[in-house]
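Novice: Residue numbers (my numbering), protein chains in the order written: chain X, 1 to 352; chain U, 1 to 324; chain R, 1 to 329.
Think of the hints as simulated: they come from the structure by calculation, not from any bench. Backbone N, C-alpha and C define an ideal beta-carbon position, used for all residues, glycine too. Incorrect hints may have been included.
List of simulated lysine-lysine pairs, BS3-like, C-alpha gap at most 25 Å [what the hints assert, rightly or not]:
id: 1; chain 1: R; residue 1: K192; chain 2: U; residue 2: K86
id: 2; chain 1: X; residue 1: K96; chain 2: X; residue 2: K208
id: 3; chain 1: X; residue 1: K96; chain 2: X; residue 2: K79
id: 4; chain 1: X; residue 1: K144; chain 2: X; residue 2: K96
id: 5; chain 1: U; residue 1: K23; chain 2: R; residue 2: K192
id: 6; chain 1: X; residue 1: K96; chain 2: X; residue 2: K9
Coverage of chain R stretches by chain U, computed from C-beta distances (three or more under 8 Å per stretch; other residues unrestricted) [what the hints assert, rightly or not]:
id: 7; stretch: 194-205
id: 8; stretch: 213-225
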Amino acid sequence: MSERLLTVKDLRVSFMTASGEVQAVRGVDFTLDRGETLAIVGESGCGKSVTIQTVMRLNPEPPALIRGGSILYENGSVKAEITRLSDREMRAYRGKAFSMIFQDAMTSLNPTTRVGRQIVEGILHHENVSRAEAKARAIQLLGKTGLPSPESVYGCYPHTLSGGQRQRAMIALALASNPSILFADEPTTALDVTIQAQILSLMSDIQKENHMAMIFITHNLGVVAKMADRVAVMYAGQIVESGTLRDIFYTPRHPYTWGLLGSIPSLRMDLGTRLSSIPGTPPDLFAPPRGCAFAARCPYCMQACLSEDPGFYQVDAGHRARCWLLDRRCPREVEAPVGRDRTVRKAEREAE
Amino acid sequence: MADQPILLDVQNLRKTFRVGRGKTLYAVDDVSFAIRRGETLGLVGESGCGKTTVGRTLVRLYTPDAGKILLDGEDIAGYTARQIRKAHLPRRMQMIFQDPYASLNPYFTVGEIIGEGLELHHIGKNREERMERVYALLDQVGLHREHANRFPHEFSGGQRQRVGIARALAMDPEFIVCDEATSALDVSVQAQVMNMLIDLKKERNLTYLVVAHDLSLVRFISDRVAVMYLGKIVEIGDVRSVYDTPRHPYTIGLLDAVPVADPDYEATHDVRLMQGDIGSPINPGPGCRFASRCPYATEQCRRETPPLASAGGDHSVACFHPVV
Amino acid sequence: MDTRELDFTPVPESSRDADQIVRPSTRYWPEVWKRLFRNRLAVFCLILIAVIAVLAIVAPILSPYAYDEADLMASNLAPCREHPFGTDKTGRDMWTRVWVGARASLLIGFLGALAPFLLGTVIGATSGWCGGWVDMVIMRICDIMLCIPSMIYLILLLIVMGGSVQSMVLAMALSGWMGSARGFRGRVMQFKNREFTLAARLQGASGARIVFRHILPNILGNIAVGLSSAVPGAIFMEAGMSYIGLGVTPPRTSLGQLSTEGINFFMLPSKFHLFLFPALVISLMIFAFFMFGNCLRDALDPRLRDEEYNARRLRSLRRALRRGKKVQA
Numbered sequence: 001m002s003e004r005l006l007t008v009k010d011l012r013v014s015f016m017t018a019s020g021e022v023q024a025v026r027g028v029d030f031t032l033d034r035g036e037t038l039a040i041v042g043e044s045g046c047g048k049s050v051t052i053q054t055v056m057r058l059n060p061e062p063p064a065l066i067r068g069g070s071i072l073y074e075n076g077s078v079k080a081e082i083t084r085l086s087d088r089e090m091r092a093y094r095g096k097a098f099s100m101i102f103q104d105a106m107t108s109l110n111p112t113t114r115v116g117r118q119i120v121e122g123i124l125h126h127e128n129v130s131r132a133e134a135k136a137r138a139i140q141l142l143g144k145t146g147l148p149s150p151e152s153v154y155g156c157y158p159h160t161l162s163g164g165q166r167q168r169a170m171i172a173l174a175l176a177s178n179p180s181i182l183f184a185d186e187p188t189t190a191l192d193v194t195i196q197a198q199i200l201s202l203m204s205d206i207q208k209e210n211h212m213a214m215i216f217i218t219h220n221l222g223v224v225a226k227m228a229d230r231v232a233v234m235y236a237g238q239i240v241e242s243g244t245l246r247d248i249f250y251t252p253r254h255p256y257t258w259g260l261l262g263s264i265p266s267l268r269m270d271l272g273t274r275l276s277s278i279p280g281t282p283p284d285l286f287a288p289p290r291g292c293a294f295a296a297r298c299p300y301c302m303q304a305c306l307s308e309d310p311g312f313y314q315v316d317a318g319h320r321a322r323c324w325l326l327d328r329r330c331p332r333e334v335e336a337p338v339g340r341d342r343t344v345r346k347a348e349r350e351a352e
Numbered sequence: 001m002a003d004q005p006i007l008l009d010v011q012n013l014r015k016t017f018r019v020g021r022g023k024t025l026y027a028v029d030d031v032s033f034a035i036r037r038g039e040t041l042g043l044v045g046e047s048g049c050g051k052t053t054v055g056r057t058l059v060r061l062y063t064p065d066a067g068k069i070l071l072d073g074e075d076i077a078g079y080t081a082r083q084i085r086k087a088h089l090p091r092r093m094q095m096i097f098q099d100p101y102a103s104l105n106p107y108f109t110v111g112e113i114i115g116e117g118l119e120l121h122h123i124g125k126n127r128e129e130r131m132e133r134v135y136a137l138l139d140q141v142g143l144h145r146e147h148a149n150r151f152p153h154e155f156s157g158g159q160r161q162r163v164g165i166a167r168a169l170a171m172d173p174e175f176i177v178c179d180e181a182t183s184a185l186d187v188s189v190q191a192q193v194m195n196m197l198i199d200l201k202k203e204r205n206l207t208y209l210v211v212a213h214d215l216s217l218v219r220f221i222s223d224r225v226a227v228m229y230l231g232k233i234v235e236i237g238d239v240r241s242v243y244d245t246p247r248h249p250y251t252i253g254l255l256d257a258v259p260v261a262d263p264d265y266e267a268t269h270d271v272r273l274m275q276g277d278i279g280s281p282i283n284p285g286p287g288c289r290f291a292s293r294c295p296y297a298t299e300q301c302r303r304e305t306p307p308l309a310s311a312g313g314d315h316s317v318a319c320f321h322p323v324v
Numbered sequence: 001m002d003t004r005e006l007d008f009t010p011v012p013e014s015s016r017d018a019d020q021i022v023r024p025s026t027r028y029w030p031e032v033w034k035r036l037f038r039n040r041l042a043v044f045c046l047i048l049i050a051v052i053a054v055l056a057i058v059a060p061i062l063s064p065y066a067y068d069e070a071d072l073m074a075s076n077l078a079p080c081r082e083h084p085f086g087t088d089k090t091g092r093d094m095w096t097r098v099w100v101g102a103r104a105s106l107l108i109g110f111l112g113a114l115a116p117f118l119l120g121t122v123i124g125a126t127s128g129w130c131g132g133w134v135d136m137v138i139m140r141i142c143d144i145m146l147c148i149p150s151m152i153y154l155i156l157l158l159i160v161m162g163g164s165v166q167s168m169v170l171a172m173a174l175s176g177w178m179g180s181a182r183g184f185r186g187r188v189m190q191f192k193n194r195e196f197t198l199a200a201r202l203q204g205a206s207g208a209r210i211v212f213r214h215i216l217p218n219i220l221g222n223i224a225v226g227l228s229s230a231v232p233g234a235i236f237m238e239a240g241m242s243y244i245g246l247g248v249t250p251p252r253t254s255l256g257q258l259s260t261e262g263i264n265f266f267m268l269p270s271k272f273h274l275f276l277f278p279a280l281v282i283s284l285m286i287f288a289f290f291m292f293g294n295c296l297r298d299a300l301d302p303r304l305r306d307e308e309y310n311a312r313r314l315r316s317l318r319r320a321l322r323r324g325k326k327v328q329a
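Pulled out of the complex, with its shape left as it was, chain X reads as follows:
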């Protein structure tokens, strides 16, 4: 039996701005077990970053506001409802329970402090060890991330490192406190493909070694296919489909997932084929649509989609999607344009 670390239920987060309330996250549920990697995929503005930043409580509140839902963190005897923690209480969880790596390493590295010292501070903050011991650990961590000469990087300032090296140093920093969950927000988006391949393989090695859980945020489906065990597809502040990696790539059930999979050019695609694109633009969450958020761009849109939010349908164990096409009463038979198993069967509505 796998060990549950994180349970997020019906999370709702808004941003209060001068022009009104932007509902960035509109009822997100997911769970995370020890040792597994969940990828959250979606386009910019779909709320994927806001979701994990809320789990780490990194959003300044205000303007962010948690309007509802729960984030339950369990680890052995530790049990905490993250949404209720004060900023001071939260500090004990950041680093120890959750750590995060960003797209831009300079977000988490302090430009005026030497890399090694930052890692040592991280270790000392959470553990009662001597400075010398912490230093040895820091060098060991830097070495683990594949930096060629960890001793010399230890004394470097972040800006003197190259992009790939910086990313490695940030990973070392994130691992300093031995977190049980690592959040990775587009960790390789700014990197070149050859460097990206190095960093991705480093991350999966470290995850296996430390038996960490990881939430990986990206819009690159190739990276998802490489890294994830389970995938959640987000659109307009909601998860529209979630399932195992193979569920999402081979038997996707939501038209948005179809659109997403169909719109990436692949190295193995036949030359001269046309990409299937999704027309239009995602809805403005300042005034989210009443029915299905994807309806305006969906090629299978029906009247019901415009007026009612579909809610989740259980396709298979662990695979669910939010789409009226899956409803038993829907008379339309639709064939998925992508994936291996393309027949879409009607599904059970998930018990509320």
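Please build the complex by placing chains U and R on the supplied structure of chain X, with the hints as guidance.
Specialist: Quick look at chains U and R alone, frame taken from chain X:
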């Protein structure tokens, strides 16, 4: 395509930047290639390889240090600002920029942005006629007439990029440089913009130079492709030939490193990690610039610069030990 | 199982619009004005400036006395009905004189801030846009001039040209352009390689068009703030120059000159008004311009906009949520 006349012939192009005392950045170093009318040449490479500089030099945002840029046989490499205006280069060559947020002036309405070139070159009899053209362009890129009076910040990234495309098309150019035109966009929107670029090319018989770091994207849109590494073209040829039978070790490593959106493939595929970091284009020494990362490098590679030599047909590679 | 009646008829794509913009159109400057006028301090300062300006224009015209009309019979009067601010030692009406002086001070304040700014803007734009040796030469001249305290040229120029509003403004322009030239050059350089400037170049726009049509609006905010905080500086400078006898020459007058005269009677309660009124008006003017500059800076910063927004409402929402109430958005 091969029977079309050559529109742009680039010969031994060099562009350097001074980055400090005695330090010179060789952004583009002795690069030659030709683009035929109606063709799309893809230019790929990692950051700092000089691909953007090539694009900007071709449309004469930069003045090259050496080399020729023959546009229909006329060398525009040394044109002064006045000559550029006189030759109406802006009406012949345009560019689509990478960052849809930085490339539109926030204080101009979308109509003003698209119509600026028309106004500056007195295209169209009067304001009304120019506005009509702007509306037609907006329509062509899938936006509405009413959007002409809106400001850029009100649009999403994809919509802004379409405004950028409309601006590039406004003066009906023959040649367009797409500088990472979709890299800042989301995948679904990227496909939208890519399809639009392909359609427009067919409709208007355009010639593209597509500068990008995304190999799958370049494969999708280009007829021919050039791979750059630290200011030099290491491999160039027909898309099919370069992607199916890459000859340069760098091209091979690059293609291998691209993650594929197929879990089964990824589960069984082991990336042969290319060691080390991309080198620096500042004061490079002699020899092949890829030598430090290359698994096949020999003494010769460290001493001499390999010339771009034909590897059969249209396919050329700059390597002493091309992989077969 | 839900039993709602649902309509599963397909909706054609043409009837939907995925590219519409639902947010109301927002423009930058109208937003800035809205924010500025919501700030009570800014409105107060603006009113204060307006009142002083109106009085400076109108009061001398309506006053029965001319500012240089001496009346030895009525010298050194304390404030009374005929002379609200009293009279000076030659019996000139202080009310008229203060507002005539305010005219000069306001004029010097405005033009003395604007002139170096304009000069600096043009020089800085040339320097930043041309780059290369032009930039080198201009910046070295700038450095040299900055090394010598500007007070020295100001004094020299004023000695040569004599004290009047025009020469004061000219002297300020010639001695004070360096700061704004440097600032503007930096901004132009910063925007010179932005993609939208490159795009404008590709459209065939000339250098002047790019600097003044494309770049200038982007930094107008900073310029406005710089200008409104340079006004008190210029007024101050005029007062300082008057104190060392280089300001506006008598019988013409300025607030600086009036306060300088008045300061001799600072300790005399019977003539204290000669100091009090000019000093009060000058202080109010400086205060109003300075605070207005600050408010303008706040209004121009969009980040502050959302923070300031309805903080109170947010706090109450939060409290309600904590108590578990349902909240209407």
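Novice: Give a verdict on every hint.
Specialist: Going through the hints against the structure:
Under the criterion of a C-alpha separation no larger than 25 Å, the hint pairing K192 of chain R with K86 of chain U is consistent with the structure, at around 23 Å. A hinted pair counts as satisfied when its Cα atoms are at most 25 Å apart, and K96 of chain X with K208 of chain X qualifies at roughly 18 Å. The hinted pair formed by K96 of chain X and K79 of chain X meets the criterion: a straight-line CA distance of about 14 Å does not exceed 25 Å. Between K144 of chain X and K96 of chain X the CA atoms are separated by roughly 19 Å; this keeps the pair inside 25 Å, and the hint holds.
About 23 Å separates the Cα atoms of K23 of chain U and K192 of chain R, which keeps this hinted pair within 25 Å; it holds. Our distance criterion of 25 Å between C-alpha atoms is met by K96 of chain X and K9 of chain X, whose separation comes to about 22 Å. Only residues whose beta carbon comes within less than 8 Å of a beta carbon in chain U count, and the stretch 194-205 of chain R has 11; three or more means the coverage holds. Only when three residues or more bring their CB closer than 8 Å to a CB of chain U does the claim for the stretch 213-225 of chain R stand; here the count is 3, and the claim holds.
Violated hints are absent here; each numbered hint is respected by the structure.
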